[in-house]
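Colleague: Top to bottom, those sequences are chains A and B.
So the first sequence is numbered by my numbering: it starts at 1 and just counts up by one.
So the second sequence is numbered by my numbering: it starts at 1001 and just counts up by one.
I should point out that these hints are in silico values taken from the structure, not numbers from a laboratory.
A virtual CB, placed ideally from N, CA and C, is assigned to each residue, including glycine.
Take the hints with a grain of salt, since some may be wrong.
[Claimed, not checked] Which bits of chain B does chain A cover? Going by a derived footprint, with three or more residues having C-beta under 8 Å, they are:
id, stretch
1, 1022 to 1031
2, 1082 to 1096
3, 1147 to 1157
4, 1214 to 1225
5, 1275 to 1284
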Amino acid sequence: MTDITIIGAGICGSLIAHRLSKTDLRVLVLEKESDVAEGATGANSAMVHSGHDPKPGTLKCRYNLRGNELYPDLCKELQTAYVPIGAFVAAGSPEEETVLDKLIAQCEERRVPYEVLSGEQARELEPNLADRISKVLSLPSTGIVTPFEVTIAAMEEAMLNGVELKLNYEVKKIERRDDHFLINDEIETKLIVNCAGAHCDDITEMLRESPYHVETRKGEYFVLDHLNGSFVKHVIYPVPSAKGKGVLAVPTVHGNVMLGPNSDFAANRDDDATGDGLDFVRSEISSTMKNIPFNRMIHTFAGLRPHIDLNDFYIREDEQIPDFIHVAGIESPGLTGAPAIAEDVCDNIILPKFEYHRKEDYIRRKAFINMEKMSEEQINELIRKDPSFGRIVCRCEKISEGQIRDVIRRKCGARTIKGVKMRCRPGMGRCQGGFCEPEVLKILAEELHEDVRDIELDRKGSAVLISNAKEEL
Amino acid sequence: MERHQLVIIGGGSAGIAAALGAYENGLRDILVVERESEYGGILQQCIHNGFGLHTFNEELSGPAYAEKYFDLIRDNDCIHFVYDTAVTKIKDKTLTLQSKEGLRHVEADAIILSTGCRERPAGAIGMKGNRCEGVYTAGTAQKYLNKEGYLVGRRVFILGSGDIGLIMARRMTLEGAKVIGVAELQPYSNGLARNIKQCLEDFDIPLYLSHTVEAVHGSSRLESITLIEVDEKLKKIPGSEQEIPCDCLLLSVGLIPENTLIEDLGVKLDPRTRGAVVDDRYMSSAEGIFACGNALHVHDLVDYVSIEGKKAGMAAADYVNGIRPEGEAIRNVVSGGVSYMVPQSFHKGRDLEFMFRVNRVFKDCFIHVYGKGLDKKIRKTGIVPSEMQKVLLKKDEIESLEGELNWEVVE
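Chain A with its partners taken away, still in its complex shape:
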C-alpha cells in the first residue's frame, strides 16, 4: 500500500513530494495532464513576492513571507535559477500614494526590506517608468524564478529518490475504507494530499460535500523577446486595487519580459484561451510604463488561478475525513508560498502521522545542462564526450541536440514538444519553434522509440502530424 498519494503535480504537489522523498515513506503522485506544471503553475507571473501585499492575518500572508525566505536556498538545492531582481510598486496620483503608504506600513510591520523613492529617483533606475509615477516603493527581496523549472526539478529529484509519478492519470473515484483510501478501484493509499488546483473541489466532492468552491480566474500575458534589461530591470507593480495586484511588467530569468495579467473569471475550469484580456493588459500597462516595445512581442498566454470562495488558501486536514489533506485555493501568491506550504504540510500535518526514517543516501539531481553559462573549455569537453552537444537545433535560444536528449532521458523527463520546450527552451524564442519543432519532434520519437505521428504537443490528442502524405493518396 502507498503511504501518501498526492493528487496534482503542480508546484505544491511537486514540492510536497520532494520534501517527502527525503524519508523512506512510499509516495505516489497522480497527474491528469501529460506533464508536471501544466496547470496554474505553468502560467503565472513567475515571481517570488516579497510579502508586502497580502492582507494581514491570512494564510496568504504567512506563507508568502516564509516562502520568500525559503526560495533562495530551495533553488540552490534544486539547482534551478533564482534571481533577486527586486520590485517597484509605482504610484502616480494622491489616491495611489495613499494606498502605497499603507503598503509601506505593512512592510515595516512585517519586516519586509524596503526603500521609498521619488518618481525621479525611480526613473533614474528605470528610465521607462511612466512620467506620471510620483512615488515608488522599492522591494529588494522580490525575486524571479521559472516556475516549471522549479516544479520539474523538484519532481525529478523526488523520483530519483523513489517517488512514483503517474502522468495522464485522472482521478475519477475515491472511496474511504477502514484505514485507507481506494482511488479509481486500484490504488490503495493511507493518506491523500489534494493539490488538484482548479479541480480541488471536484476531488473533495468524491468524498464529501466540498467546504469550498473553485472559481477559476484567468490572467493573460504578453511575452516580449530577449530585451536583457533594456526595457525594464525590476518587477514593476501598479498599486493594488480591489481586483488584485494589477498589470505587471516582469523580467524573466532568461531576459524576456512578461506583461500582464488581467483578472477575469474563466468560462470553465480548463479555459486557457486568450481573448480581450490582452487588450486590457495593453492599455493598463501604460499607467506604469512608457516606450513599451510591443513590436518585440513573441508570445501570448493565459493562466488559470484556482480562486476559492473563502478568499484565502485552504490548507488543513479535512475536519470530517481523517488523512485527507487540503491544499486548495492556491492562487497568487501561491508560487511564492509553495515551499512554505510544503514545509508546513509535510512537517506539521503528514509526517507526525507516520513512523519513518530520513534517507541517508539521498540523491541530488544535476542541473539541466546550460551551455550558455559554460566556458568554452567546458563546452569543448562536453562536445568531445558527446558530439550531439555540438549541433545547434534551436537557433533562437542556441539549444543543442545533446541538451534536448538530456531532458528526455532524465527522471520526470520530457515526453512532449511542450515538455522539451519547458525544460530546455527550444520553441521559447523569437521564431516560437517554427524552425526547430520538426527537429525536436524527430529527436523525441527517436528517444521514446515512438512513431513521429505519435508525438504530441502536450495533452492527449494533440499529435502534431496528422498523416503520412504518401499514404493518404
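With chain A held as given, fit chain B onto it using these hints.
Modeller: Chain B only, in chain A's frame:
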C-alpha cells in the same frame, strides 16, 4: 588563429551568390558557414517551380535553382563550405563556430551576413484563443510536408496572403487536404499576382480580403477558427464573425530578417526592414560587416536575392582589397507612402540601384526623387506593397547631391 579573407554566414541563395561575387572580384580565400547539412537554405523545401526566370531564363524548383547556382562555385578551390556548423558569436571580426567537432574561432577581414529570415509566429500577432495543436507557420508546415512527408492538417484555413501561404494552399490541396479559404487583413493581397492566380483561383480557394482570424478554438487539437471582417481602418466589425470548423490554421503573416547575431554586436538595425542599416556597399554600421538577401530585407524573388548577394560579395572583396568610397555618404529619406529604402545611404560616383516598398496600394502615381541637383518623377500605373520597387539612378544624375536624397510616392 584560423583566418580568412571573407567569412559568409549562411549558405542559402544570398550566401552562395555572395561567395561567387567575392571570388569574381578577386578574393581567393572564402569560407561559407552553413548550419544545415546541405547548401541552399530555405530553397531546399520550396519544391514548387517559379525560381530562376531572371537568372537562368527558365522556371526551376527551389532545390534545382540552388543546385544550378551552386554549380557556378562547386569546383572552386577558393570557396570552402563548412556544413552542420553554426556561428554562435561574433566579436570584432572573430567568429565562434560550433559543430560536432567542438568550438573553433575564425578571424575574417570581412564578414557577410546572409542568414535569411524567419516567419512571424502566432504569438507575435497576439492570436487569441486556445493554445491547441494545429496552428503552424506556413513554412513549418511546408517543411513537415516537403522534407518529412507528413501533413499537419486535413481541413486547412490560412491567415495571411503572403506567398508561402499561397504556395501551401496549393501544395496541401494537391496532397489531399481541403483548404477552406485564405483570409487577408488588408483590402489587397500580399502575395505575388501569379501566386493568387495559380495557387488560389485555379483551385477555387476563396480569398477573404479585409478579414482576419479573431480566435482559434480547440482543447487539444484545433477544432475551429472565428473569421471576422475588418473595416477600412482595419478595425474588427462586430457581428461579422463566422465560425469555421478546421483542424489546421497556417499563418503567412510576414517574414522578419534574422539578425540575432548582429543585434548582439550592436549593429544599427532599420526598424522598418528589421535588417541592418547599410550603405550602397551593403556594409552595416559595423566596419567590414556586410548584409544581403532576406537577412537585409525581405525579397519577392530568389533571383533578386542572388543579384543582391553577388553585389554584396563584390563590395566585400573591394573592402578586403582596401578600396574605400570617396566623400560623404548621402542619406535616403523616405516619406509619403514609401515604407523603407535599401540602401539607407550611399556614395556617389557610380550608377546605383535602390529598392523599396510602399505601405499601401497606389494607382496611377509617380515616384518622386529629389535632392540637390536632382528632381525626378517616375510615372507608374500602380504600386502595391507586395511588390518590391527598384529604381536605377545614373552616376550623372546623383553627381551634385549633398546631404540627403528624398523619396516619396505621389498619387
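Colleague: Each hint should be assessed against the structure and marked as holding or not.
Modeller: Right, here's what the structure says about each hint:
Look at the stretch 1022 to 1031 of chain B against chain A: 0 of its residues bring a Cβ nearer than 8 Å to a Cβ of that chain, fewer than three, so the hint is violated. With 4 residues carrying a beta carbon less than 8 Å from a beta carbon of chain A, the stretch 1082 to 1096 of chain B meets the three-residue requirement, and the given coverage holds. Note: the stretch 1147 to 1157 of chain B has 8 residues with beta-carbon separation from chain A under 8 Å; the three-residue rule is met and the coverage holds. Residues of the stretch 1214 to 1225 of chain B lying with their CB closer than 8 Å to a CB of chain A number 5, which satisfies the three-residue condition for coverage.
Only residues whose beta carbon comes within less than 8 Å of a beta carbon in chain A count, and the stretch 1275 to 1284 of chain B has 0; fewer than three means the coverage is violated.
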